[in-house]
Amino acid sequence: MEKMQQVVGRARAAFNSGRCRSLEFRLQQLKALERMVQEKEKEILAAIKADLHKCGHNAYSHELLGVLGELALAMDKLPSWAAPQPVKKNLLTMRDEAYICPEPLGVVLIIGAWNYPFVLVMQPLIGAIAAGNAVVVKPSEISENTARLVADLLPQYLDRELYSVVTGGVPETTELLTQRFDHILYTGNSAVGKIVMAAAAKHLTPVTLELGGKSPCYIDKDCDLAVACRRITWGKYMNCGQTCIAPDYILCDPSIQSKVVENIKAALQEFYGEDVKSSPDYERIINKRHFKRIVGLLEGQKIAHGGQTDEASCFIAPTILTDVSPESKVMEEEIFGPVLPILTVKSVDEAIEFINRREKPLALYVFSNNKKLIRQVISETSSGGVTANDVFMHALVPDLPFGGVGNSGMGAYHGKHSFETFSHRRACLIKDLKMEVVNKLRYPPSSQKKVDW
Amino acid sequence: QPSFEAYFTEILLCKNELNGTLNNLSHWMKDEHVDKNLVTQLDSAFIRKDPYGVVLIIAPWNYPIHLFLVPLIGAIAAGNCVVVKPSETTKNSERLVAEMLSCYLDNDCFAVVTASVQETTRLLENKFDYIFFTGTPSVGRIIMTAAAKHLTPVTLELGGKNPCYVSDTCDVQNVAQRVAWGRFFNAGQTCIAPDYILCSVEMQEKLMPALREAITEFFGSNPRESPDFGRIVGDKQFRRVRALLCSGRVAIGGQTDEKERYIAPTVLADVLPSDPAMQEEIFGPILPIVVVANMDEAIDFINARPRPLAIYAFSCDSKVVNQVLERTSSGGFCGNDTLMHVTLTSLPFGGIGSSGLGKYHGKFTFDTFSHHRGCLHRNMGLEALNALRYPPYTQQKLGLLTATFEIKRKGMCTLL
Chain A
1 MEKMQQVVGR
11 ARAAFNSGRC
21 RSLEFRLQQL
31 KALERMVQEK
41 EKEILAAIKA
51 DLHKCGHNAY
61 SHELLGVLGE
71 LALAMDKLPS
81 WAAPQPVKKN
91 LLTMRDEAYI
101 CPEPLGVVLI
111 IGAWNYPFVL
121 VMQPLIGAIA
131 AGNAVVVKPS
141 EISENTARLV
151 ADLLPQYLDR
161 ELYSVVTGGV
171 PETTELLTQR
181 FDHILYTGNS
191 AVGKIVMAAA
201 AKHLTPVTLE
211 LGGKSPCYID
221 KDCDLAVACR
231 RITWGKYMNC
241 GQTCIAPDYI
251 LCDPSIQSKV
261 VENIKAALQE
271 FYGEDVKSSP
281 DYERIINKRH
291 FKRIVGLLEG
301 QKIAHGGQTD
311 EASCFIAPTI
321 LTDVSPESKV
331 MEEEIFGPVL
341 PILTVKSVDE
351 AIEFINRREK
361 PLALYVFSNN
371 KKLIRQVISE
381 TSSGGVTAND
391 VFMHALVPDL
401 PFGGVGNSGM
411 GAYHGKHSFE
421 TFSHRRACLI
431 KDLKMEVVNK
441 LRYPPSSQKK
451 VDW
Chain B
1 QPSFEAYFTE
11 ILLCKNELNG
21 TLNNLSHWMK
31 DEHVDKNLVT
41 QLDSAFIRKD
51 PYGVVLIIAP
61 WNYPIHLFLV
71 PLIGAIAAGN
81 CVVVKPSETT
91 KNSERLVAEM
101 LSCYLDNDCF
111 AVVTASVQET
121 TRLLENKFDY
131 IFFTGTPSVG
141 RIIMTAAAKH
151 LTPVTLELGG
161 KNPCYVSDTC
171 DVQNVAQRVA
181 WGRFFNAGQT
191 CIAPDYILCS
201 VEMQEKLMPA
211 LREAITEFFG
221 SNPRESPDFG
231 RIVGDKQFRR
241 VRALLCSGRV
251 AIGGQTDEKE
261 RYIAPTVLAD
271 VLPSDPAMQE
281 EIFGPILPIV
291 VVANMDEAID
301 FINARPRPLA
311 IYAFSCDSKV
321 VNQVLERTSS
331 GGFCGNDTLM
341 HVTLTSLPFG
351 GIGSSGLGKY
361 HGKFTFDTFS
371 HHRGCLHRNM
381 GLEALNALRY
391 PPYTQQKLGL
401 LTATFEIKRK
411 GMCTLL
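Chains as they are written, first to last, in the UniProt record's numbering: chain A, 1 to 453; chain B, 1 to 416.
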């Protein structure tokens, strides 16, 4: 109880001291973070491996590469991001100074998720520091090794009062959420997202909610199936399907369903070999609870490929389901596992209608050689983001905002968007105390003459 | 509301917004192409401005047309359908809005709901895709809590006590006019009105006759007879504001008439932080002066309180104005004048902390009501380039991958 209040109180006092306002200070902290990632690379990769059975190469490219890129971008661009932006003036303000001043919000709370446990706390943290805030980080307790590591490492490299880590589960997070923050960024599921927003509402705290949903993947008849399926296979089974923007299910014409299955099988063979279980590049489900949940989704389904499981190691083989019914359990919730349902639709219009009957997803994928069809799918649906003819890649373009809409979330971050999310854009108008003559027009007593002018 | 004021805020400013939107909409709607990294060089990366869907706009009573119309303009511009809930306090405007909109706009896409507090609570149980609310912080909390049930994003334009610091080096007459204008406009019922003055005891002395002169110039010797001075909107609000008069001492004005809901343009001197007028947003034609020793004390006073919607600072010394700006936090800031920063549509209008969340005016309204969707349209060819990212992983692949993904530092890119 006391502890949360103290942590946040310390952060607020540190923020009020003003030392994180200067660009030099922020750059210094970002540089220290960069050093941390470089010096402690081995420890970070080991923690991720312990949590997700993820090999070093994967962990490096999934998590560290992105963090280093974000750090380099922030350090490079910070002076221009933080500079006051002059704005277009009107006749009445011609002689004045009018600009937008980006300012820190205060104390920011970042709640991480377990599936990419390092980057999902680090990337928001970078933006929050760059914007001049104090930060409290709450890594997910489910990825406990990474959580412990983050709690150990951050105080070794960053200002301890301004930037702190709180560990713990639901009770600790609930307690933390009773405190007042100036912004909360939460990555996780929609159910908890609602709880976070309701808690934030008590303090009128703005929130960024990075949630999830079922990201649809439409494959048109007119496309290079081998390429499309390889890209989809990469995205679907990466991190054992535990990615918020993984293609959740496929929609395609019944005539190509079996070809899609064949192509995905071929790609799986290419990636993981004959015996997936012994491939060092294939991850595991995070814990028994999620393992059981995903296995439950297979019940009553037509398994076209895969389906093997091993509870002891939380292993679920890359699995494909065909002729899936829209009403089945596997189509009710975000799968977040290596199970790929294929549903057949007779046309792109039917696919669009199907997608629109459901909650807005975080990502939407469409594969086609037909540019017009792609434009149609994009313009007739809504989603957090879109990649056409590939998966994930829109999340890797730093200048594209990354976030959801509707049930998949609100707000966005990455790159400059992180800086803006964690800043207040303060409108500033500085006038002269002279030139009162011009003001006379607006003062009472009024007359039609004044109005006409 | 006096007709001149009404014309200015309800018609002129709204026309401004409409024209600005009509002139720029096609540009705002365009897909915004963004810089790409090495891997996506041959692709099309852009931000699409998608409508949210069904938007709810809840408007307050103080500028009953402006405060639903300006958000409505942005919501329509962004392609949404809209439900407008005008304030039930200003019955005439409420009725007018309900009648007007159905005559001019598509009746399926745009609707007006007239509702009491209980009915509004029921309205909020429905799922909206965006909620735009202007009103008090306490109701703002209720709105956001209701929105949380459906994960509906919100913009809350709230309020607070907007401090007005007047330094010792200033043109007293000009300051008095600008502050009086801002305070007594719409009989003080403006969310960005200067709520109270902070100044030295000497400046308080100098300001008083200047304020008296300004008030007389604006409203004559009997403001009650001036067509340019407004009234309090309702009996409840009148009684609330009148109760604030027992703070400090009445130096100017102080007369009231309950039947007319008239409160004279009033200046209170030597007000203490513990006085009633300093406990809540005044939202009436009363201007308390709180004496502070110097600028530092003024800044500390401001920072010890919730962040306001606006902060005003008056000084002939630009360093003083900048100090107040840099050492405080607020929705917006205006140096050497009041209210004017919100008439420039290129500036975002919104609060921070308990004074609000989100912003609008000009393009910011359009952006508020659009979902900025990140889109990447890739090539189906060049699959060879993707080979680096697929398993099985090797150290060599990782090295090359690192090289292609590295964010360029100051221009130089690493080539394979």
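Calculated directly from the structure, the hints in this document are not laboratory data. Among the clues, some could well be false.
[Claimed, not checked] Derived BS3-like pairs: lysine-lysine, alpha-carbon spacing no greater than 27 Å straight-line:
#	chain 1	residue 1	chain 2	residue 2
1	A	277	B	30
2	B	206	A	194
3	B	363	A	77
4	A	265	A	194
5	A	88	B	127
6	A	259	A	3
7	A	40	B	206
8	A	416	B	206
9	B	36	A	31
10	B	236	A	88
11	B	206	A	42
12	B	149	A	440
13	B	149	A	89
14	B	319	A	416
15	A	416	B	127
16	A	329	B	149
17	B	30	A	416
18	B	397	A	88
19	A	371	B	30
20	A	434	A	89
21	B	36	A	371
22	A	259	A	292
23	A	265	B	397
24	A	194	B	149
25	B	127	A	77
26	B	36	A	434
27	A	89	B	397
28	A	194	B	49
[Stated by the list, open to error] Sample of chain B residues at the chain A side, in silico, Cβ under 8 Å:
#	residue
29	115
30	243
31	262
32	377
33	391
[Said to hold, decoys possible] Anything over 12 Å on all C-beta distances counts as not near chain B; from chain A, calculated:
#	residue
34	103
35	182
36	198
37	311
38	354
39	390
All C-beta atoms in this analysis are idealised placements derived from N, C-alpha and C, irrespective of residue type, glycine included.
Compare the structure with the hints numbered earlier in the document and write down the numbers of the violated ones, lowest to highest. Structure breaks hints 1, 2, 4, 5, 6, 7, 8, 10, 11, 12, 13, 14, 15, 18, 22, 25, 26, 27, 29, 30, 31, 34, 35, 36, 39.
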